[in-house]
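Protein chains: 2
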Amino acid sequence: MQIKKSDFSEWYNTIIKEAELCDIRYGVKGFVVFMPWAVMSMNRMFDMYECELQKKGHVPALFPALIPESYLTKESEHVEGFVPEAFWVTSAGKNELEEKLAMRPTSETAMYSMYSLWIHGLKDLPLKIYQRCQVWRYETKATKPFIRSREFYWIEAHDAFATKEEAEAQVKEDMQMAENILHQEFGVPFHFFKRPQWDKFPGAVDTFGADTLMPDRRTLQLPSTHLLGQHFAKPFDIKYMDENEEEKYVWQTTYGPAISRIYAAVIAVHGDDKGLVLPFDLAPIQIVIVPIYRKDSEKQVMKKCKEIQKKLSEKYFVKLDDSEGTPGSKYNHWEMKGLPIRVEIGPKDLEKKSVMLVRRDTLEKKQVKEDNLNDEIEKARTEIKKNLVKKADSWFNKQVSEADSIKDLAKELEKSGFIKVPFCTDELEGKECAEVVKNETHANVRGTLYGKNEKPKGKKCIACGKTANVYVYAARQY
Amino acid sequence: MQIKKSDFSEWYNTIIKEAELCDIRYGVKGFVVFMPWAVMSMNRMFDMYECELQKKGHVPALFPALIPESYLTKESEHVEGFVPEAFWVTSAGKNELEEKLAMRPTSETAMYSMYSLWIHGLKDLPLKIYQRCQVWRYETKATKPFIRSREFYWIEAHDAFATKEEAEAQVKEDMQMAENILHQEFGVPFHFFKRPQWDKFPGAVDTFGADTLMPDRRTLQLPSTHLLGQHFAKPFDIKYMDENEEEKYVWQTTYGPAISRIYAAVIAVHGDDKGLVLPFDLAPIQIVIVPIYRKDSEKQVMKKCKEIQKKLSEKYFVKLDDSEGTPGSKYNHWEMKGLPIRVEIGPKDLEKKSVMLVRRDTLEKKQVKEDNLNDEIEKARTEIKKNLVKKADSWFNKQVSEADSIKDLAKELEKSGFIKVPFCTDELEGKECAEVVKNETHANVRGTLYGKNEKPKGKKCIACGKTANVYVYAARQY
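Listed in order, the protein sequences are those of chains R and Y. The number in my numbering is simply the position in the first sequence, starting from 1, with 1100 added. The number in my numbering is simply the position in the second sequence, starting from 1, with 1100 added.
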């Protein structure tokens, strides 16, 4: 099968189908079936994120999937953002409901209605709770498996603190978590942008989004963390009694790694012309053993394969592919599935007491003594992780460029992912200029690069020509 | 706090609140918030079930939560069972939907619409898929946290086979899994009853339900496994080509462990007058260390506590309770939470190089040399598991009695959980007799005891007085 990653959109759709990741033929528009090979990896991703969240003092809870309309409309910006996106339950059995219920598009209002009952004093703070769940949004944009669908899978962490400083520190902790997991474990690089005021999460003071790039240089937003300030604490009446017996509103943050979308990034960042390339620790099967024999050697080869399977299974997820079919067709199959390590065993290997070890990421073959197999696999595992991060970073880091005019921006967008441009302001007043950029170049203003405080000197806004006060990054987006 | 398990209903509600397992104050009737202490245990339960399902060849997938009305109505019995219980989504954003969508009350129809696309030949069989998800049912019965709510958490496994025999073998495998996990790991005893024809799962050929007993001797249905035969294969057109190139319908089974309800059984079966008693492997924290000191010994005691915490944390979930409050108040707190092992460390223990180890299940105290602590904990872990199973079994096994008339049945129900009675038939024609039993004794006919083939000789049906062909078991139920 010919699949060229250079034609990304076509490549992506083919991979989804051939590696059996997602079936788009379900009978509700925008809803898909997540298939076993993808779900097994997504479950690992959930586990790794949950483990990290728990290490940082979060605990899991489960809040209802249905949110009364009156909850959803308590915070005025939140209403505007989510009410148009909600699926509404209006009846149950044969009864009309008195109040219509939204299927959660996000859980702030469901959770904070309880936080106000749970938080009384300093002893109840900080409160750090997450839930692993599905959310539903009536997207009007075109859907694409894992990237955007009307139903997706995520973790949402919702934290409440006594002080603004603690909330700000939480935002940094969330960003560090993205670095530890998303970048170091999954090999997906990103920049954190502070979103312009017109593009923040509905109800937030500030939104920080992790933007990666797909191979077509369009950006995809991954985990975002939001400083909510006291925007929700006030309408939901979440207060605590401080040391001086004064009632104070809490400070809140929320953090939402969308696992199904992160999976899309893993597919897109690491895959190649032969199919998926999965990080070792995310692969549902990590090692496949392929026997190679003619009739006269079948028995001996299979015996050795089973022996090695048993040994490796103590530590790894291993499959012995004893199905019908040629070794070549098995190679193709497992390469498409992105399986990290293949072990080939034939009669000649038996003689030499060795096996052939093939890495999916580099397709390198290496003859390995059977006695060293465990060590070699552990070594390959480390190298695969390093290589995936390095390869992804090396491409990603080249994808930043600069432009001082709309015309140059349009040119640069043909070559790079993120274009740094001087801009009047990232406050609300800048929205019109962002619309000019969008109309002229199809690029979105993603915000200012977090932590850099980049200030243009003597530059003009590329849209309105007034003095530029900030550098923002523009990118075409998913 | 005085809580007597002998007043079970009151005890249960108190435990739910005091151990912080569930908050019933959410703003949608029948929907509750599952709180961290419960969710952490439920997550372990999910992991253990999923691990076992995968060992038996199942793979996880995720199907949409919304099911078109036309799917739900394809199987005629299924319609009748679930349409009256569905929450209906009728609009999204500002748009009315063309077809109304049910929030999944169960996923047969969502999944089988895809199975018909995935199954073509023998190579696609058996297909064994499960999903971990929420379901929603518009219950008209009174709700009770974990036991019955309008939203709950479960695993549903849906398997398809080429032959009836394989499907029947799967039902047995499902039952064995209940024994391995529910009984041996969670310590919850049960009987499997083959449900009467009038009480089977809507769309099934036969339903086998695992019935446990709550302390008030009312029964609670736990995982049930269903032989679906070809009831769904036909309307959903799930066919394969056999060896002779003939098209055949598949044979199906479905199995649904409701984790939130199993958690209710764990609470109810093991708890005592001091609160929860959690099985060691399900406890969010397995060992709590409580320091006991006066001012002059604080530093030394705390140092030792931290040392032991570090050592034990390599293998277990450990908390050092260094909060304010007396040791006694900490004991009460963690006993209410059901934490399996408490380690008390005071100045005298330091001298003796020992610690005090207290088991939650027996409340036994044992002085243990520090050097032996790891071994003693491992020993206690094994003994706790054994003791919980033994204690639960010993009570449960006494809860079977017999009666030959409605009057005797009513009497026996005051003393025992399951009453074995002669009955005309468990086929559909027996339904009226079951209603007589229900009206006169408030007990339900739960079915015939699986695998026993108990046949009455010369007995009369307790309801109609005609010749009894089967022994069924009657019980009051949740």
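To be clear, the hints were calculated from the coordinates, so they are not data collected in a lab. Incorrect hints may have been included.
Pairs count within a copy or across copies, as identical chains cannot be separated in the list.
Said to hold, decoys possible - Cut-off 27 Å, straight-line C-alpha distance, at most; resulting in silico cross-link-like pairs (DSS-like, lysine-lysine): (1) K1560 x K1223; (2) K1334 x K1129; (3) K1538 x K1272; (4) K1498 x K1129; (5) K1223 x K1406; (6) K1244 x K1194; (7) K1223 x K1430; (8) K1194 x K1129; (9) K1415 x K1155; (10) K1117 x K1453.
Checked hints:
no. : hint          : result
1   : K1560 x K1223 : neither (51 Å within a copy, 65 Å between copies)
2   : K1334 x K1129 : between (38 Å within a copy, 25 Å between copies)
3   : K1538 x K1272 : neither (30 Å within a copy, 61 Å between copies)
4   : K1498 x K1129 : neither (38 Å within a copy, 54 Å between copies)
5   : K1223 x K1406 : between (57 Å within a copy, 22 Å between copies)
6   : K1244 x K1194 : between (35 Å within a copy, 23 Å between copies)
7   : K1223 x K1430 : between (59 Å within a copy, 16 Å between copies)
8   : K1194 x K1129 : both (25 Å within a copy, 16 Å between copies)
9   : K1415 x K1155 : both (24 Å within a copy, 16 Å between copies)
10  : K1117 x K1453 : neither (39 Å within a copy, 63 Å between copies)
In this structure, the earlier hints numbered 1, 3, 4 and 10 are contradicted, and the remaining ones agree with it.
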